[in-house]
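Trainee: Given next are the chains, with one letter for each unit.
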Amino acid sequence: MFGLLKNAFINLISKPATRNYPEVVRQPPAGVRGHLEIDIDVCIFCMRCSRECPCGALTVKRDPKSWSLEPGRCIICGYCVEVCPKKCLRLEPRHGLTAGCVNTKEEK
Amino acid sequence: MSTQHPPAGDKTFRSLIPFGPQHPVFPEPIQLRLMLEDEKVVEALPMLGYVHRGLEKIGEQKDFYQNVFLVERVCGICSFIHALAYCQAIETLMNVTVPDRAKYLRVAWSELHRLHSHLLWLGLLADSFGFENLFMRIWRSREIILDLQELTGGGRIIVSTNQIGGVKRDIPADLQRRVFEGLDQVERDMEEIIDTVENDFSVKHRLVGVGRITAEQAHSLGAVGPVLRACGVESDHRLTGYAAYADLDFKAVTWQGGDSYARTMVRLYEIPESIRLVRAALNKLPEGPLNVPVKGNPDGEVCMRVEQPRGEVVYYIRANNTKNLERLRIRTPTFANLAPLLHMLPGCQLADVGVIVLSIDPCISCTER
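So the protein lines, in turn, are chains D and G. 1 is the number of the first residue of the first sequence in the working numbering; add one for each residue after it. 1001 is the number of the first residue of the second sequence in the working numbering; add one for each residue after it.
In isolation and in its complexed conformation, chain D is listed as follows (with noise of 0.2 Å):
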């Protein structure tokens, strides 16, 4: 019934095995599946991760030229970044926008 009555008292003594969220913040190894970011000087607008897109998170438009993210759809597999021919798509280590928002990105 005691066994890890040692373990509470080595508790008590050591740092804590959380971390103290607001001021120190975690960094995500690298190779995480996070936010997807699109380098849209490069995307020839091929239509081709919106067509493959598994669920419909993402619309490609030819005239004017735009490609669109839907975060609240997106459940960052990765696919349309497998998918892309001109490798434009990647997907970074970090949290990106809130579900409602939707994030366009149209050709200079």
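It should be emphasised that the hints constitute simulated quantities derived from the structure, not laboratory data. There could be a bad hint or two in this list.
As the list claims (entries may be wrong) - Using 16 Å as the maximum straight-line C-alpha spacing, the simulated EDC-like pairs for lysine to aspartate or glutamate come out as follows: (1) D:Lys6 to G:Glu1191; (2) G:Lys1323 to G:Glu1091; (3) G:Lys1323 to D:Glu52.
Said to hold, decoys possible - Cβ-Cβ distance ranges computed for the label pairs, FRET-style: (4) G:Asn1321 to D:Gly34: 33 to 39 Å; (5) D:Pro16 to G:Ala1351: 31 to 37 Å; (6) G:Ala1351 to D:Arg26: 37 to 43 Å; (7) D:Ile40 to G:Ala1246: 44 to 50 Å; (8) G:Gln1217 to D:Arg26: 43 to 49 Å; (9) D:Ala17 to G:Gly1049: 37 to 43 Å; (10) G:Asp1170 to D:Arg26: 41 to 47 Å; (11) G:Glu1326 to D:Pro29: 37 to 43 Å; (12) G:Asp1247 to D:Arg90: 32 to 38 Å; (13) G:Asn1321 to D:Ile40: 37 to 43 Å.
Ideal Cβ positions, reconstructed from N, Cα and C, are used throughout, including at glycine.
Please build the complex by placing chain G on the supplied structure of chain D, with the hints as guidance.
Mentor: Frame of chain D; chain G shown alone:
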């Protein structure tokens, strides 16, 4: 709560209690309608359908590449193993030979998933009988496994590294070293946890003899996974040697007794076995490509079975040489374990119902899909 009038002359008082769908011990919504005689359960009736998402129907509308991402989201705990079952099924239909390196990596991620699932469940069980210190202790170790999954796969739960024809990511030598360090830490933590769970008086008091089921009952009711292995039946689909299990000298963990304690012990001793399997898979990792290109569409029908933390999952797929599947059917382990659960409950006390339901490790989102 409703009451039933007993027959004239009968002094017992029967009442029907809706247990769930929202209940502190349930991680997911399931309702059990319990017929009680005083405090003793005499009958239990499950009511499902609170988290049905129609995933099998969506699977017929998406193409078979997109379905990998869909089946990963069937279950929040064993997402990798769902994708593994699906990919193996499609690979069988399309006669794709997966590279050896991908097979070993699939074992490594599968076992990491099993580790975090068992640790999650063990923590929930400790919480259900009020052992908060043990609960926190176990979940601290689980956090290490989640970090390893994030490090190697890019996601803490949904690692999403499976694809038809192999895996997407590699675990290079520097990440392997960090995986080994993390596993060493979990192994050190487990020494203390195993000793506490196995021998502690308060744990045994709540588990021994509770929710007992015989091996014959379990087998005839179609129990799978730890519920069946806790009755002494050596039934583990990993013994068939899918992926790279055949080369890793896998031994199934079994226990005698068929009660909640035996089920706990099976899962508890599967944790060191899984740690050993991850280490063995990464140590033996052969050189070679991660995946092979896949061409064409699947045709025909296939039934694929793999072992999840909760037991055996069955994927039935019928394809018709188009991008869309004709039928995607998933039989999850919790669904198979519900019938044995209904035979465990009669005769137990109301206070033990939560522990017994947790002892089959229910995953309701899986079951209802």
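Trainee: Run every hint past the structure and note whether it holds.
Mentor: Here is how each hint holds up against the structure:
Distance check on the hinted pair: Lys6 (chain D) and Glu1191 (chain G) sit about 14 Å apart at the alpha-carbon level, within 16 Å; holds. Among the hinted pairs, Lys1323 (chain G) with Glu1091 (chain G) is consistent with the structure: their alpha-carbon atoms are about 14 Å apart, no more than 16 Å. For the given pair, Lys1323 (chain G) sits about 12 Å from Glu52 (chain D) by alpha-carbon distance, which is consistent with the 16 Å threshold. A hinted range of 33 to 39 Å holds for the C-beta pair Asn1321 (chain G) and Gly34 (chain D), which are about 37 Å apart.
A hinted range of 31 to 37 Å for the beta carbons of Pro16 (chain D) and Ala1351 (chain G) is consistent with their spacing of about 34 Å. Taking 37 to 43 Å as the suggested C-beta distance range, the pair Ala1351 (chain G) and Arg26 (chain D) conforms, at roughly 40 Å. Between Ile40 (chain D) and Ala1246 (chain G) the beta carbons are some 49 Å apart, a value that agrees with the proposed interval 44 to 50 Å. Look at Gln1217 (chain G) against Arg26 (chain D): about 48 Å separates their beta carbons, and that is inside 43 to 49 Å.
Between Ala17 (chain D) and Gly1049 (chain G) the C-beta distance comes to about 38 Å, which sits within the given range of 37 to 43 Å. Under the hint 41 to 47 Å, the C-beta atoms of Asp1170 (chain G) and Arg26 (chain D), about 24 Å apart, miss the expected range. Under the hint 37 to 43 Å, the C-beta atoms of Glu1326 (chain G) and Pro29 (chain D), about 41 Å apart, fit the expected range. At roughly 36 Å, the beta carbons of Asp1247 (chain G) and Arg90 (chain D) sit within the given window of 32 to 38 Å.
One distance hint, 37 to 43 Å for the beta-carbon pair Asn1321 (chain G) and Ile40 (chain D), holds here, with the actual separation near 38 Å.
Hint 10 from the earlier list is the only one contradicted by this structure; the remaining hints agree with it.
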